[in-house]
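Each chain, written out:
2 protein chains.
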Amino acid sequence: MPRSLVLLGCLTLAACACPERAPLCPTTVPTPGPAATSEPAPAAGLGDTDEGMWLLNEFPAERLVRLHGFAPTQAWLDHVRESSIRLAGGCSGSLVSSRGLVLTNHHCAEKCIQQLSTKQKDLTEAGFYAASAADEARCPDMEVNQLTAIEDVTDRMQEALAGASAEEFATRRKAAVASLEQACTTSDAVRCDVVDLYRGGKYHLYKYRRFQDVRLVFAPEVAIAFFGGDPDNFMFPRFDLDVSFLRIYDGGTPLASSRHFAWSAAGAAEGELTFIAGHPGSTERSLTVSQLAYRRDVRLPERLLWWSEERGLLTEWSQRGEDQRRLARSLLFKRENAIKAYKGRLAALVDPAFFARKVAEERALRARVAADPALAASVAGAWDAIETAQAARRRLHHHYELVEEREGLESTLFSIARALLRGPEELAKPNAARLHEFGDANLPALKQALFSSAPVSAELETLTLGASLVHRREVLGPDDALVKKLLGTEEPRELARRLVAGTKLADPKVRQALWDGGKAAVDASQDPFIELARRIDGEARAYRQSFEHEVEGVETRNGELIARARFLAFGTAQYPDATFTLRLSYGVVKGWSDAGRVVAPFTTLGGAFERATGKEPFALPQSWLGARSKLALDTPFDFVTTNDLIGGNSGSPVFNAKAEIVGVVFDGNIHSLGGAFGFDDQKNRAVAVHSRALVEALAKIYGAGRLVEELGK
Amino acid sequence: MPRSLVLLGCLTLAACACPERAPLCPTTVPTPGPAATSEPAPAAGLGDTDEGMWLLNEFPAERLVRLHGFAPTQAWLDHVRESSIRLAGGCSGSLVSSRGLVLTNHHCAEKCIQQLSTKQKDLTEAGFYAASAADEARCPDMEVNQLTAIEDVTDRMQEALAGASAEEFATRRKAAVASLEQACTTSDAVRCDVVDLYRGGKYHLYKYRRFQDVRLVFAPEVAIAFFGGDPDNFMFPRFDLDVSFLRIYDGGTPLASSRHFAWSAAGAAEGELTFIAGHPGSTERSLTVSQLAYRRDVRLPERLLWWSEERGLLTEWSQRGEDQRRLARSLLFKRENAIKAYKGRLAALVDPAFFARKVAEERALRARVAADPALAASVAGAWDAIETAQAARRRLHHHYELVEEREGLESTLFSIARALLRGPEELAKPNAARLHEFGDANLPALKQALFSSAPVSAELETLTLGASLVHRREVLGPDDALVKKLLGTEEPRELARRLVAGTKLADPKVRQALWDGGKAAVDASQDPFIELARRIDGEARAYRQSFEHEVEGVETRNGELIARARFLAFGTAQYPDATFTLRLSYGVVKGWSDAGRVVAPFTTLGGAFERATGKEPFALPQSWLGARSKLALDTPFDFVTTNDLIGGNSGSPVFNAKAEIVGVVFDGNIHSLGGAFGFDDQKNRAVAVHSRALVEALAKIYGAGRLVEELGK
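Line order of the protein sequences matches chains A and B.
All the letters of the first sequence, read from the start, carry residue numbers 1 to 713 under this note's numbering.
All the letters of the second sequence, read from the start, carry residue numbers 1 to 713 under this note's numbering.
If we strip away everything but chain A, and leave its shape as in the complex, we get:
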């Protein structure tokens, strides 16, 4: 499963590479997304539901005609593709004007909003509106991608991997990917990713325009963007204006965007056909049963436990004062959001009926394979091999995850130190032999993060690093060799204090000097974080290599075999599991019912005033209370559709058959969380802000005439 693509719900794919501080941590090639039929009945194809996160270059037009009577043209699909954008940090968005204006969620811009805040002016609390172009504020480290081309490179990948032994597989695959990406990446303004679809069944090369000058245009107060807070998160009815506007700049001026979505005058109506174009991060609908059991038994509970503990820490720390509250907010939201999302996933896997269906599906596919001697000869062993890899996972995952994967030590400063330490060594290697995050295709993102002007809070770093070190000692044990290297005889929290107090790496100029100074400069550095990174680097790299070879390589290689068996069994009427690449889903505006309770598809602006208690998280901001009398309270506020989606879809446009924006996705309902493993059209719903509510608020609450005009309203 794509380890670099972790769902961190609220439909954010919070950070492509790692939940916190994206591009500084390993962003190795995502292992292939599994094939994704998720048959409602064993050995059957898709039912007549709105299931599917479809590739734009393999869109099932006939299926759409049959289900909803609409046939998209190639021009329509191209228009959608080029009008959709990806926020590299883990979200989706859309171009909504000819001057590079981007519509996305508030929570997708939250990191930027917080980075632009100061002790004096908390933009998360207060909101932000650039009344003039000059007021638009550059986000310190945001990257936006626009997909310009997709090329099928399956043949070239299969050729490169033909006959690879189990030992060679991971290495040869990495080299082939790096080589294809390098040839495609003609400049820093181009980003190329080889995407493995159907768990290695196909490989496509995605080519993007890369933009790193992105500016904040508008954000409402968090009190209305996230009205209802964690209790209402993933729930419906809902009353959130979870939107923000950004603008892409190119060469210092707004991007001239000939492609963009138009704005619907009426917005979404009940029963209307809706499309969502976005970047669902990761689904696991066709994992094997042993892989699902590992998630149910180990991965989900372990992550939930640690996040819950961190949540407690951050919650209590936030109570110390306004500063702490502001500093911790973004991370705390991320943790709470991830906890709820993972609980939803876990709920699906521990549902006996759901798991039994997965078992039955696998049994049916294995029976088909067994019945065909030729197929059986090559594929029959794949499930057992993957099961063996799960045992290796159980043995290796702690060291790998706690010191190497993601943030390493959950510390921005440590991630920076490690990138500085490894940079000279990695860049001296040929592209194909480097750790993936140092590959030519990924360097611009790494450098953006490394030299970002975003402030690093010493206080918060000390808190999270200290807790992370205590956690590592707990999980690996005080007598573990690596723990001893990490801690020496120091108390973990004291060590964190000493490291943070002694480092100069919070200053981007210091980082730049070390980077520019190359190996000699880094070798000479006595910065305590560099010293720490150096002390454990050998072990960390070794754990990564073991994990890639003994676990990921085996899963990928055998997953490909299973994917081919699936193609033989079910043909091509499938969509691949989500891979944080552009997908198109269809559905209709429609409520659902749950344990006898009927949930209507719309809420209204007036409903927000009814739900408000005046106490967080149910307190409306002053701007809303003051504007109440001016508002059309029956304006639709939030709504739900049957579109299939998952984390990473946050900020996706909801549009009609005329490619007009009728809303913006910001959430899924609680049932949609199980969508990680399978789609249930009776209950899974996408949750969006209605386009009319947005215009009503911009015009009557925020006085954002400049924006309303630009939207063409």
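Hints should not be assumed to be uniformly reliable.
One copy or two, either will do: identical chains are not told apart, so a pair holds if it fits within one copy or between any two.
What the hints assert, rightly or not - Below 25 Å or equal to it, Euclidean Cα-Cα: the simulated PhoX-like pairs (lysine-lysine) are:
1. Lys615 - Lys485
2. Lys658 - Lys429
3. Lys615 - Lys630
4. Lys615 - Lys121
5. Lys447 - Lys504
6. Lys447 - Lys485
7. Lys658 - Lys509
8. Lys630 - Lys509
9. Lys509 - Lys174
10. Lys207 - Lys509
11. Lys683 - Lys121
12. Lys485 - Lys683
13. Lys429 - Lys504
14. Lys485 - Lys504
15. Lys429 - Lys174
16. Lys484 - Lys615
17. Lys504 - Lys207
18. Lys340 - Lys484
19. Lys340 - Lys119
20. Lys683 - Lys340
21. Lys590 - Lys658
Because the hints were derived from the structure by calculation, they are not lab data.
Starting from the structure of chain A, add chain B where the hints point.
The following block gives chain B in isolation, referenced to the frame of chain A:
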């Protein structure tokens, strides 16, 4: 499973009734402990291992002769029984002098030690030694029980339950238990419990002397009692002096204890036969597969998640200052301990091989039942009925557990308020119809807690109650009817602050007055906690009733059927699952090996000095550092044995065949945690303080000559 008996590891059964504030929360009749064969192979009996927590009145003497060549006499067993004591809060102990001196663990007395501490004098940090009898300090709410008689009441229970319908079962069972206990309880100095063994296969009536005047005599500093802290908890090698001495007073003077253990001069030696008499709290070795799956999938992960969050909260709150550190310590220890214990349990259940063995065992027993038409007619449906009850559990458990079971709202003041509110109503009913905690047999414990002089920290109450209310809103949802009754439109933390600031219930005199005033006084009370308890009482009682009838009643009734099938299949060479009643286990002093690493059975005093880093939790107290040169550093410190044990065994004596104390149990190794579901003699070990280390420390570090002399050394 005995819901009132929850393992809270470190071998404490932290609070018989609830993890925190024991006797104020519902202590309904434990549902029967399951039969406990835990066959190593399906359908086989016990192997030739030291497995078993044996009843003293059904001790397998022949088996012991065969395995270890020792045959205990009835007199020997009686001596052991009367020399062993139970700490009602969830621990074990032993009488070790003729003047009522009790040996137990530091962590078993920790609540008392903290209650006796003040802002000026933190006894947990500093330790405590009563140099004279007059200095012995009374614990505010400790109860100690000494088992005086066991009577088999199986026939009477079965008669009372004969022909009960599914609906009647729980009610009739409760009435029969209450009636038997009432007849036995001749005064407040007598405690009688009907104990259901083998999941209703047998019922025994346990009669205890009850002591509520218990005084603290000696406790070392927590730094050595819990040296290594959470990282070393459940680990070995270990270097902890986790002991304390208490004294039972009877009528204001030390109890004259004709029965007590003698002290071994040599202490435990490698390979020596050892006995442990104690009160293992709860094992679940013969639950059905559906019950185990519920634990694996729902109960263990959910509790772990909430405890982890609380751990984070408390950890961070403790960093605010010395006061907070002192106030939170006991609760934080309990949470960390419980987290580690439950992680160990979960690790056993998610081990594919372990779970597969449980599935195979059940399949074998069901096959035996199916092969016998008469048996099949009565028993074959029991497994499916229990599986259906698990579905009811999934539906009902949140409301039940979060508002009614255990502490209700995890607030001492709320528990007090609820006891005051319910008291008049319950006491007006006949004994058999009351909620169990108001039954005559339980009233003394309830009153002791209710009128305890132990201080209640307003600050800590506000913290934990606030977090608990947030948690309830999260789990049940903000629109849940009960949540609305709890919170109204208030923010949960603000509500907690208001309640704690406004209540008078922290004063035991106020509680006494309300209790004495009866219904009129309680009805007239406007205390905010009483008002809150009143507001939700109807719902809370209703949820309890549903849970008892739809879940526990079904499990008990069908569990009895399965227990009978087990008796038919395996005869009586079994021991019942643990029920926090006196059990005797046997074993030998012996290390183990783990992934190629050989773990020796002993550590030495010198080893503690080698492991010390000077930083918590690896910092030795000053008293030890100062006395180093006087100590015989090769004295055995801690050691391990193959005895079978589980949480609740904390403080149990380890003694030899002459009934001489050779050590005191304070922990199990990490493998022993899986012992909740099955015993593995290769790896499960009990961990104890060696008797010689204790005497060496008392004499040379603590100058506790009075104690050494009393021990007869």
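Results of checking the hints against the structure:
no.	hint	result
1	Lys615 - Lys485	between (47 Å within a copy, 16 Å between copies)
2	Lys658 - Lys429	neither (50 Å within a copy, 72 Å between copies)
3	Lys615 - Lys630	within (23 Å within a copy, 63 Å between copies)
4	Lys615 - Lys121	within (22 Å within a copy, 41 Å between copies)
5	Lys447 - Lys504	within (18 Å within a copy, 60 Å between copies)
6	Lys447 - Lys485	neither (28 Å within a copy, 53 Å between copies)
7	Lys658 - Lys509	neither (49 Å within a copy, 75 Å between copies)
8	Lys630 - Lys509	neither (50 Å within a copy, 57 Å between copies)
9	Lys509 - Lys174	neither (33 Å within a copy, 74 Å between copies)
10	Lys207 - Lys509	neither (32 Å within a copy, 76 Å between copies)
11	Lys683 - Lys121	neither (42 Å within a copy, 59 Å between copies)
12	Lys485 - Lys683	neither (50 Å within a copy, 29 Å between copies)
13	Lys429 - Lys504	neither (28 Å within a copy, 72 Å between copies)
14	Lys485 - Lys504	within (22 Å within a copy, 53 Å between copies)
15	Lys429 - Lys174	within (14 Å within a copy, 75 Å between copies)
16	Lys484 - Lys615	between (47 Å within a copy, 14 Å between copies)
17	Lys504 - Lys207	neither (37 Å within a copy, 69 Å between copies)
18	Lys340 - Lys484	between (34 Å within a copy, 21 Å between copies)
19	Lys340 - Lys119	neither (30 Å within a copy, 40 Å between copies)
20	Lys683 - Lys340	within (17 Å within a copy, 37 Å between copies)
21	Lys590 - Lys658	within (19 Å within a copy, 77 Å between copies)
The earlier numbered hints that this structure contradicts are 2, 6, 7, 8, 9, 10, 11, 12, 13, 17, 19.
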